[in-house]
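Start from the sequences, fold in the hints, and give me the full structure.
There are 2 protein chains.
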Amino acid sequence: MLDGDRLALARLITRVENRMPDVPDIMRAIHERTGGAYVLGITGPPGAGKSTLVDRVTSRLRAEPVPVGVIAVDPSSPFTGGAVLGDRIRMQAHTLDPDVFIRSMATRGSLGGLARATGDVIKLMDAFGFPWIIIETVGVGQTELDIIRQAMKAGLMEVADIFVVNKADRDGAHALMAELRFSVHLHYTSGGGTKDVDWEVPVLAAQAANDVGIDALLEQVRKHRSALEQAGALEKRRQARRRAELEALLVEEFSAQITARVQSDPALARTLEAVTAGALDSYSAVAQILAQTLKRP
Amino acid sequence: MLDGDRLALARLITRVENRMPDVPDIMRAIHERTGGAYVLGITGPPGAGKSTLVDRVTSRLRAEPVPVGVIAVDPSSPFTGGAVLGDRIRMQAHTLDPDVFIRSMATRGSLGGLARATGDVIKLMDAFGFPWIIIETVGVGQTELDIIRQAMKAGLMEVADIFVVNKADRDGAHALMAELRFSVHLHYTSGGGTKDVDWEVPVLAAQAANDVGIDALLEQVRKHRSALEQAGALEKRRQARRRAELEALLVEEFSAQITARVQSDPALARTLEAVTAGALDSYSAVAQILAQTLKRP
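As given, the protein sequences belong to chains W and A, one line each in that order.
Heads up, the first sequence is in our numbering, so the first residue is -4 and it goes up one at a time.
Heads up, the second sequence is in our numbering, so the first residue is -4 and it goes up one at a time.
Calculated from the structure, these hints are not laboratory results.
Glycine included, each C-beta is placed from N, C-alpha and C at the ideal position.
Watch out, some of these pointers could steer you wrong.
[As the list claims (entries may be wrong)] Between beta-carbon pairs, the in silico distance windows are:
no., chain 1, residue 1, chain 2, residue 2, range
1, W, GLU27, A, GLY31, 56 to 62 Å
2, W, HIS180, A, GLU230, 33 to 39 Å
3, A, ARG176, W, PRO60, 51 to 57 Å
4, A, ALA211, W, ARG6, 37 to 43 Å
5, W, ARG1, A, ALA5, 55 to 61 Å
[Unchecked claim] Here chain W is said to cover these stretches of chain A; the calculated rule only asks that three of the stretch's residues, wherever they fall, bring their Cβ under 8 Å from a Cβ of chain W:
no., segment
6, 60 to 67
7, 88 to 95
Rendered as structure tokens:
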């Protein structure tokens, strides 16, 4: 894969998705080659036109020309074991382009598992050499405008770096943009949100299907990247993400080891049994298990 | 609280929500009194009329007369620190009834944190003596009929015990019910879903606002409970839930202890620093940290 073999990349991604036992070895082996990619995340409610937007942004980046990795994540189908739409349907324009690599991912078990797998796939694409990786995720949002409004106010204001109102020719789009701009400005002037960079979230109009607004979007993406870099915030965010990934992996592996030990350790097995039967509360059990398994500090 | 003081219950719930340090002591102290409640979970897309349905079901149970605990969970507002709608607005009919206890909960940090807090609040209400506890959760579903259809097929079929099509006088409701019944029957006859009980998920019509269909719903709830009990599945599900709660609490407490140890253990601190700086991959770091902190099995 490190020699540029796309088939090898695809196979490694499958190993990561299936949580094969050699995933730690794979990730260890590629680690040195990671860190070069810039990751652009796009989310929004179903029907917002995210795939089309990703398709257009990819076209622009390819024209530079820059290779692009795309991951389409569908966290809403936990039981199907595969993304609702296949790679090819999503981005037909790029299927024959050897410098665009598209992969769909869906939840196979837990959302946490999907998040970790996605993180590892990003690293694989990063090590492969994609300077841009686009992650498209179906949001848990609503399609009705009033509900989108509420959601914006409740949560997105805190996590989005750029708002795009796609299908901007539709009724209500301009009113929504005005309202968003007002909320964003209020949020910005009141000092809310991430304070690691001085950035008032822009609210952009787009009609991805008509290729309208894509240049302005990419311009803002680059402007935001520069702002992050100049403030030293990009590296800080990456550090925070590395710590979060470490913690998630640590508790997962700890949990797996405890589960394995229950098989051979009668004291652990008794504690687990008492909780299962309802004879012991979880808090007391946790205190016992940690006393039995952790070295003294 | 164990003497029936509602104000004490409310205060303990607040302590649980705020993760006060004495939560383990509280949960230990009430553990013996838990296990008597039957928990009914209601979820669905925004606008489906869940609150009205819960209100009507509560009225029926109160008429028996049975005390009812209600928890309204809003996982969609992670940053607001409070439920969108207050307790009183949701269920005005019951605010003066001393045998109905209503509490709203919203995400304060992580969804995992909300799930644990909700589990602990259920135990508090259980220990207080409510034989019925109703949990109303806003689903991550969609309001548009086509999307509801997809969601049903993708996931709900696996987790729901009863389907209620509320607002059944609306256009398309009967077609949706017919489609759901077909899917449910197919799922049942193909042996899908939980196999711990022989239960074909009923599809009910209701118009909660007009008090229509509530008796039939409660009848099915009771029938399902009997089916679970007769198959021994109720106890098995409770055991599985206790194990899941233990695991969640265990990894949370383990994580907290490791975080605390980093302060005093230079080797741990170095490993964390290397990951944060991008010099060490997470998988290698996890192997090191577990070797440093876990006793040998």
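How the hints compare with the structure:
1. Distance hint check for GLU27 (chain W) and GLY31 (chain A): the Cβ-Cβ separation is about 58 Å, which falls inside the suggested range of 56 to 62 Å.
2. A hinted range of 33 to 39 Å for the beta carbons of HIS180 (chain W) and GLU230 (chain A) is inconsistent with their spacing of about 56 Å.
3. Look at ARG176 (chain A) against PRO60 (chain W): about 54 Å separates their beta carbons, and that is inside 51 to 57 Å.
4. At roughly 53 Å, the beta carbons of ALA211 (chain A) and ARG6 (chain W) sit outside the given window of 37 to 43 Å.
5. A hinted range of 55 to 61 Å holds for the C-beta pair ARG1 (chain W) and ALA5 (chain A), which are about 60 Å apart.
6. Counting residues of the segment 60 to 67 of chain A whose CB lies closer than 8 Å to any CB of chain W gives 0, which falls below the minimum of 3, so the coverage claim is violated.
7. Residues of the segment 88 to 95 of chain A with a Cβ under 8 Å from some Cβ of chain W number 0, which does not satisfy the need for three, so the listed coverage is violated.
Of the numbered hints listed earlier, those contradicted by the structure are 2, 4, 6 and 7.
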